[in-house]
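A.B. asks: One line per chain: the protein sequences are A and B, in this order. Counted the way my numbering counts, the first sequence spans residues 14 to 458. Counted the way my numbering counts, the second sequence spans residues 14 to 458.
Hints listed in this document are in silico derivations from the structure and should not be mistaken for laboratory results.
Since the list can't tell identical chains apart, any single copy or any two copies may satisfy a pair.
For lysine to aspartate or glutamate, the following EDC-like pairs were computed, each having C-alpha atoms within a straight-line distance of at most 16 Å: (1) K22 / E66; (2) K216 / D227; (3) K369 / E60; (4) K369 / E52.
Small disclaimer: the values here were computed from a predicted structure and weren't measured.
2 protein chains.
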Amino acid sequence: MTAENRVYKPKAISGFPEWLPEYRVVELAWLDRIRRVFESYGFCNIETPAVEEVDALLAAKGGDTQNEIYVLERLYADPVDEGKEARLALHFDLTVPMARYVAQNFNALVFPFKRYQLQKSYRGERPQKGRYREFYQCDIDIVNVDALPLQCDADLAAALLSAYKALDIPPVVMQLNNRKIVTGFLKGLGIEDATLATRTLDKLDKIGAKGVTDILSAAGIASDKITACLGLAAIRAHDSAFVVQVRALGVSHPELDEGLDELAFVIDQLAPQFGTQVLVNLGIIRGLDYYTGTVMEVRFADTKTFADLSIGGGGRYENLASAFINQKLPGVGASLGLTRLFGLLLDKNMITPGRKCPTDILVVLPEEARRTEAAATANTLRARGFNVELYHRDAKIKNQLAYAEKKNIPFVWFPPFKDDQPHEVKDLTSGQQSPADPATWERNS
Amino acid sequence: MTAENRVYKPKAISGFPEWLPEYRVVELAWLDRIRRVFESYGFCNIETPAVEEVDALLAAKGGDTQNEIYVLERLYADPVDEGKEARLALHFDLTVPMARYVAQNFNALVFPFKRYQLQKSYRGERPQKGRYREFYQCDIDIVNVDALPLQCDADLAAALLSAYKALDIPPVVMQLNNRKIVTGFLKGLGIEDATLATRTLDKLDKIGAKGVTDILSAAGIASDKITACLGLAAIRAHDSAFVVQVRALGVSHPELDEGLDELAFVIDQLAPQFGTQVLVNLGIIRGLDYYTGTVMEVRFADTKTFADLSIGGGGRYENLASAFINQKLPGVGASLGLTRLFGLLLDKNMITPGRKCPTDILVVLPEEARRTEAAATANTLRARGFNVELYHRDAKIKNQLAYAEKKNIPFVWFPPFKDDQPHEVKDLTSGQQSPADPATWERNS
Chain A
14 MTAENRVYKP KAISGFPEWL PEYRVVELAW LDRIRRVFES YGFCNIETPA VEEVDALLAA
74 KGGDTQNEIY VLERLYADPV DEGKEARLAL HFDLTVPMAR YVAQNFNALV FPFKRYQLQK
134 SYRGERPQKG RYREFYQCDI DIVNVDALPL QCDADLAAAL LSAYKALDIP PVVMQLNNRK
194 IVTGFLKGLG IEDATLATRT LDKLDKIGAK GVTDILSAAG IASDKITACL GLAAIRAHDS
254 AFVVQVRALG VSHPELDEGL DELAFVIDQL APQFGTQVLV NLGIIRGLDY YTGTVMEVRF
314 ADTKTFADLS IGGGGRYENL ASAFINQKLP GVGASLGLTR LFGLLLDKNM ITPGRKCPTD
374 ILVVLPEEAR RTEAAATANT LRARGFNVEL YHRDAKIKNQ LAYAEKKNIP FVWFPPFKDD
434 QPHEVKDLTS GQQSPADPAT WERNS
Chain B
14 MTAENRVYKP KAISGFPEWL PEYRVVELAW LDRIRRVFES YGFCNIETPA VEEVDALLAA
74 KGGDTQNEIY VLERLYADPV DEGKEARLAL HFDLTVPMAR YVAQNFNALV FPFKRYQLQK
134 SYRGERPQKG RYREFYQCDI DIVNVDALPL QCDADLAAAL LSAYKALDIP PVVMQLNNRK
194 IVTGFLKGLG IEDATLATRT LDKLDKIGAK GVTDILSAAG IASDKITACL GLAAIRAHDS
254 AFVVQVRALG VSHPELDEGL DELAFVIDQL APQFGTQVLV NLGIIRGLDY YTGTVMEVRF
314 ADTKTFADLS IGGGGRYENL ASAFINQKLP GVGASLGLTR LFGLLLDKNM ITPGRKCPTD
374 ILVVLPEEAR RTEAAATANT LRARGFNVEL YHRDAKIKNQ LAYAEKKNIP FVWFPPFKDD
434 QPHEVKDLTS GQQSPADPAT WERNS
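For reference, chain A alone in the conformation it holds in the complex (with noise of 0.2 Å):
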């Protein structure tokens, strides 16, 4: 090497992470699952591109997206071009493209309308360990015009936690709540500012019962309503047993009573199938202020070694695209935060690393005289549905081992060295090699 050989030597890019083999099929296998579950739903996918107008993100985000947004620009933007065209921005997630979507196709759709993404999305935050600035996002959602019947979110709910259940992760906890019975139990308690006081309960985990009480009694809440509070918010059932607590506590109001009633369908509609991987937890809250009905979260249930992290979650939201179309189009929708996920898990090593590359099969080259069998042996071998390769390059057999073994491919051909001779195929788990034909070999004989 000399002086003259000047080289950009590259580095990771903070919060875009990229795997190495072993690690990017377990995520591909994982994309594959989640796909499986969302479409034996009746979901649809589709696929947006990466970039929206500035305009449209900002007109349905309403503008508070502080340094979140990567706007693209040309590197030698042409003067003459400037402003001609409407500024371009990575979308931040996949449900502002998704109601741009169905207002842009609103006519060529059918509704209900099921659709899931499984699309990168991308955040201009600063640099911080653990943060993601490219993640992908798991999405669900299922829109309808007017009215959406409330066994979609049961039904939304069932596909997420199986898309869970498919991946090689500890199992997990779905957690349920309407938020309908969150403001209704403010109401009949007569609190005035049911903001805050929302606001104040979604952070119990962080700050305790005393940092929820704190702020509430500096707003003026009573005691008594606080502590009313701090009982419904500790209310938890695997079925429709929570109404008989949550009357207990003896508030009453109609918009409760619809909360109670919806989240008391959807457990119904759920316990059956998941036992005691639903939770009514009537705590949860998810922060977004335009959900409007049914909350989830998932959780591990492990929460020794997880905590309470969330590891994704949805509801309900009362119009979806009023941004973009003169339309009431109520939705359901969730996001499994697969990079996030995997991300985690890898950090803990929890994640078994898959084989470096496909190859099920790595049929040896005897020699160069023997090139055309050889080729013949892995066509046929790969026509019947194997992954196979033909080694390289005219080598020693223990070089031409020494590549299956470092590949992880678990078996190797020998196709004949000598006319006379039988194939013969070496299992690189077990050691065993035997003699076998290509046309009518199988893994388990």
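Got chain A sorted already, so can you dock chain B onto it with the hints?
C.D. replies: Just chain B now, with coordinates in the frame of chain A:
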């Protein structure tokens, strides 16, 4: 709708295509098949971020990318942060990210490293009909340290051609050449400005023999030499018979000999498997200067409809990652331009749309009182591997059937409407309805 309901009316963004669900399902099926083929040849998948450091892109590309790169800026950039971090830009292809990845992970990879990558690339082009600014590329490359066996060229070409053959598209032909034949031939003729001659021959399809002659004559090249060049470019063969045709032109040079040997080896590997779907075409150049040996280009066989349009291709390069690492890394790679291909066939109405949703079976909800049984039926069928929706509300059966028809759902399942009734299933294609058991029913029964 009142004046208050101001909405941001969304419209398509030029160059950023997206499809309706019934077309996206076709694109997704194509991506699956391409992946399947690439894996059957032992290529592993990687995915790199959508962005690279601007300096990395420029280091690899040599800085001649006027107007092509989309740079990211934060919408509300904080002046304090400015300049602290490297500037980021969207990748314009998958070759530079792969080279960067290989350099960065050099010690963790097993060589020859065979990877495929199915991702979108981005080009900051001016808006223009038919020009994509975001597009899928399906790339395969084989990279080795120091030297790369020629068999890799044949393997890569086989994998690429097999990928096209796995799609529902008109028949294609892979055209093959070797750059050493062209450059060796020019050297043998004593033509000094090989670059001009090569670039001019590359335009033969567009400007014709007369155009090529005019340019080369103006550059002072004698007419017999131009005739020889045009003779070379006109050679076609489905096997190594092309060698005799080249020899007949009476030019000799060691580099020409090398190129002929290499191309003969490659076509000899491919012809037994692909027959007339592979074609030696000594007029194929493929503009990019970095190709140094094998070049391949895929075209439709039906040149009446599609002319000589290239729908993908690639070739061999001597040193892939010299911008990033002081290691000689020769490679051979190719790209299937999926979005361009898909968009082209869509424009010609040659894509048959798929179903609007993946649902196999719509389970009818007979009435609210029978919800539990209907939901259990849906779960039973789903657990057996079918994609199933339970109709989302208690509605007239006519409406439930209409939903299935609008969504192209092939089967409608009727759970018992009364306790003593059997389940029935209706095939919407044939109109036949018959009793069935959710635990055992099969599509063909």
